[in-house]
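Undergrad: Here is what each chain is made of, one letter per residue.
There are 2 protein chains.
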Amino acid sequence: MTSEAAALGRAGALLTIDLDAVAGNWRRLSARAAPAECGAVLKADGYGLGAAPVGRALFAAGARSFFVAHLEEGIALRAVLPEPRIVVLNGLLPGLAADYAAHDLIPALNDLAEIAAWAGHARALGTALPGFVHLDTGMNRLGLAPEDQERLAADPSVLDGVGPIAWMTHLACAEEAGNPMSREQLDRFRKAIAILPKAPVSIANSSGLFLGPDFRGDLARPGAALYGINPTPGRPNPMAQVVRLQARILQTRRVDTPMTVGYGAAHRVEGPARLATIAVGYADGLPRAASGRGAVRIAGFTAPITGRISMDLITVDVTHIPEALAAPSALAEVIGPELPPDRVAESAGTIGYEILTSLGRRYARRYLGGTE
Amino acid sequence: MTSEAAALGRAGALLTIDLDAVAGNWRRLSARAAPAECGAVLKADGYGLGAAPVGRALFAAGARSFFVAHLEEGIALRAVLPEPRIVVLNGLLPGLAADYAAHDLIPALNDLAEIAAWAGHARALGTALPGFVHLDTGMNRLGLAPEDQERLAADPSVLDGVGPIAWMTHLACAEEAGNPMSREQLDRFRKAIAILPKAPVSIANSSGLFLGPDFRGDLARPGAALYGINPTPGRPNPMAQVVRLQARILQTRRVDTPMTVGYGAAHRVEGPARLATIAVGYADGLPRAASGRGAVRIAGFTAPITGRISMDLITVDVTHIPEALAAPSALAEVIGPELPPDRVAESAGTIGYEILTSLGRRYARRYLGGTE
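If you read the protein sequences in the order shown, they are chains Y and L. Quick note: the first sequence, position 55, residue 55 per our numbering, numbers continuous. Quick note: the second sequence, position 294, residue 294 per our numbering, numbers continuous.
Please keep in mind that the hints were generated in silico from the structure rather than gathered at the bench.
If we take Cβ atoms under 10 Å as the criterion, some of the chain L residues that face chain Y in the derived model are:
no., residue
1, Arg10
2, Gly95
3, Leu96
4, Ala113
5, Glu114
6, Glu175
7, Thr252
8, Gly264
9, Pro287
10, Ile314
11, Thr350
Which residues of chain L face chain Y? A partial, calculated answer using Cβ under 7 Å:
no., residue
12, Lys43
13, Ala44
14, Leu71
15, Asn90
16, Asn110
17, Asn140
18, Cys173
19, Met181
20, Gln251
21, Ala265
22, Tyr282
23, Ala283
24, Arg288
25, Met311
Beta carbons are placed, not taken as given, at the ideal position from N, Cα and C, and that holds for glycine.
Model the full structure from these sequences, guided by the hints.
TA: In C-alpha cells, the structure reads:
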C-alpha cells in the first residue's frame, strides 16, 4: 500500500498540504519585504488549508504578525499561538471590545466609531491597547474615508488610549503591475499619514510586495502567495505549490455507441471511449462552473471533465490513458503541481483564492513538514 | 437584544436552519411518493445543513431510509441514527467491505466487481448482507452498464449472499418535465429488471417524484427538495424554504464623487451614493461569480452587490434604503425567504444545490424546531 492509499483511508479524496512549502514561500516573501517585517494572513482558516497548522509552521519559520478577518478566527488562532501579534481585519464589532482585549487581539479600526470604542475600552481598563487604523485609499470597502481621516488629523486625541498604533491601507489592483491605481493609492496614503501622528505603516499584500520598494512599508501582509497563488499574474509564478488534491477513481466504463453523460444529458460522447467516475464534486469545492472545461491528471495524462460536475462525482475521459493506469482505486490529481489552483480557477472562471477557500470537508487531510 | 443578535454572538453571519420546514417538506414528498416509501438524501453533510440534526429531524418525522455519498458519511450518520437503513451511493470501496458491514451500511453496488466483493464478504461472514444494485440507464456515471446487467441476468448467482437486494437507477434529466430522457431511462430500467430477480426498486429523486406515478418505484430518494430547492424549475416551488443566512453590516460610507469600489476597481459608483460593507464573502460560500449581479435584502429593501465579492466581504449599494435601517450591526439577508438558494444561484450562474453545499464554516448556526 502506498503512503497515499494509507493516508486516504476510507475517504474519497486526499488533500495534502505541504507546510514546508508554505514556510518556504514565507521566507521568500520575507526576503522581498526586508528590511520591513513580513507578516502572514491566515483568514478563512488559512485560505482553506488550516489556520492552526499553517500558523504554527509560519511561527516556527519566524513570522510574528498574523492577520485574520473575524474575531472568532482571532480567538481560535490565539489558542494555538500565544505569542505573536494577531490583527482582526474586519474591525471592532460593537459591544465586543472586551473579547478582543481578553484574547490580546488587535482590531483594525475601520471608522471613527471603532476608534472611539477601542479608545474608550482602553481608558476603562486604565491601559493602552494597540490598534491598526485602516485608512481607505480607494477600495471603498473598509477603513476611514478621506473626510474621517481629516477629522482624525484635526483631533488625534480621539486615539488617546490606543497604542502602539499602526496605519494601514489596502490595495485594490496590486495584481496588475501596470495599473496606476496602486500608485494613486500610495500617494493618497502618504498624504493622509503626513498629517497624522507618526507610526509604522502596513501597505503591501502579496502582490504589493512585487510593486517595488515604495510599497513595502514597515509590515507586509501577504496571504495568497503563501499558499502558492501567483502574486504576479501573467508572469511566471515565483511561489512554490502547497496543495495537492487527489481523488479516487470509483468506476470506469466503456462507451461504444454515442451516448450522453451526466445531468441534463449535457455532454455527448461519440464513442468508442472510456470514462472514469471520480469521487470529487462541487460539494468538495470543485466549482460546477468547471463542467466540461476543467480536467484532472491521471498518471501524468490529462483527462478532461466530461459533462456536468455533480455534487459528489465527476466523470472524466480516460480514452487515451492506458487502462491499467486509469482503473478503480487509482488516484486522479484534481489540484496539484500540474494543476495549480490558479489553473483550476481559470477553468471555472474564477481566481485561485476561491478554489482554496472552497476546499471541502470530506477529504482525508495530510500535512507534510512543518511542526505537525 | 433581538434573538438574532444573541444567536449571532461574535460571528459575522448567522445561518438559521428550520428543521420543521425540512420535516414538512419530507411529509409533502412522502405524501406524493405514497404508497411507495419516501427516503431522504443526506449526502454532503445534509446538503450543507448538517446531516446529524437534519437526520434526527427526519427520523422523528418518520423517514426510515437515508442515503449518503461516502462511507465516512455513512459511519458518521450511523453514530447519530442507530436504527434506519443507510445506503452509501458512491459504492463499495475496495478492501473496505468490513467497514460497511460493521456499521450496518448498505453499499450501492455499482459494478460486478463490487457485487462480487460484497457477496464474498457476506459468505465469509456466513450471513446475508443487504445491497442496492445500481443499474445505469443513461447517466453514464455510476452503476452497472447494460452489458454487465445482461451478465448479471445470465448468472444471478453472483448475488448469492447479498440480500435483501433492491434495484436502483438514477435519472439524468428529471428537472425537465418534458425531457423524453426520463421515460427512456424508465423503459431501460424496466427492461433490465424484467430479466433479473424480483426485488423492490428505487428510481425517483426529488424531481422524479413530480414526473408521475410511473417513477415512484418502491422507495423514493429526494434530497434537494427537502432543503427548499425547487424540484419543478420554471413552475412555482412547492417546497418550504429552510435556510436563512444573515450577515452583519460592518461599515457604511458615502460616496459623493465618482469612485471605484473593490478589487480591480471593477465597479464605478457615480455618486452621490451610500455603500455598506457586509461580513460575508466567497470564503463563506457566496460565489465570486455573483459579483456585480447578486443582491442582498436589508429591512425589506434590495441592495445590489457592487463590485467584486471579496474573500470575507461584500459591498452593497444602500443609497435607497433609509439610513437608520442600513447601519452598522444591522443584518442583511443573503439567503432567505426573499432570496431563496435558487435565486442566489441564478445570480451566480449555478444551481441552488451548489449554494447550499458551499455554505461556509464561519457562521453562527442556529437550528429551529426539530428535536434540537
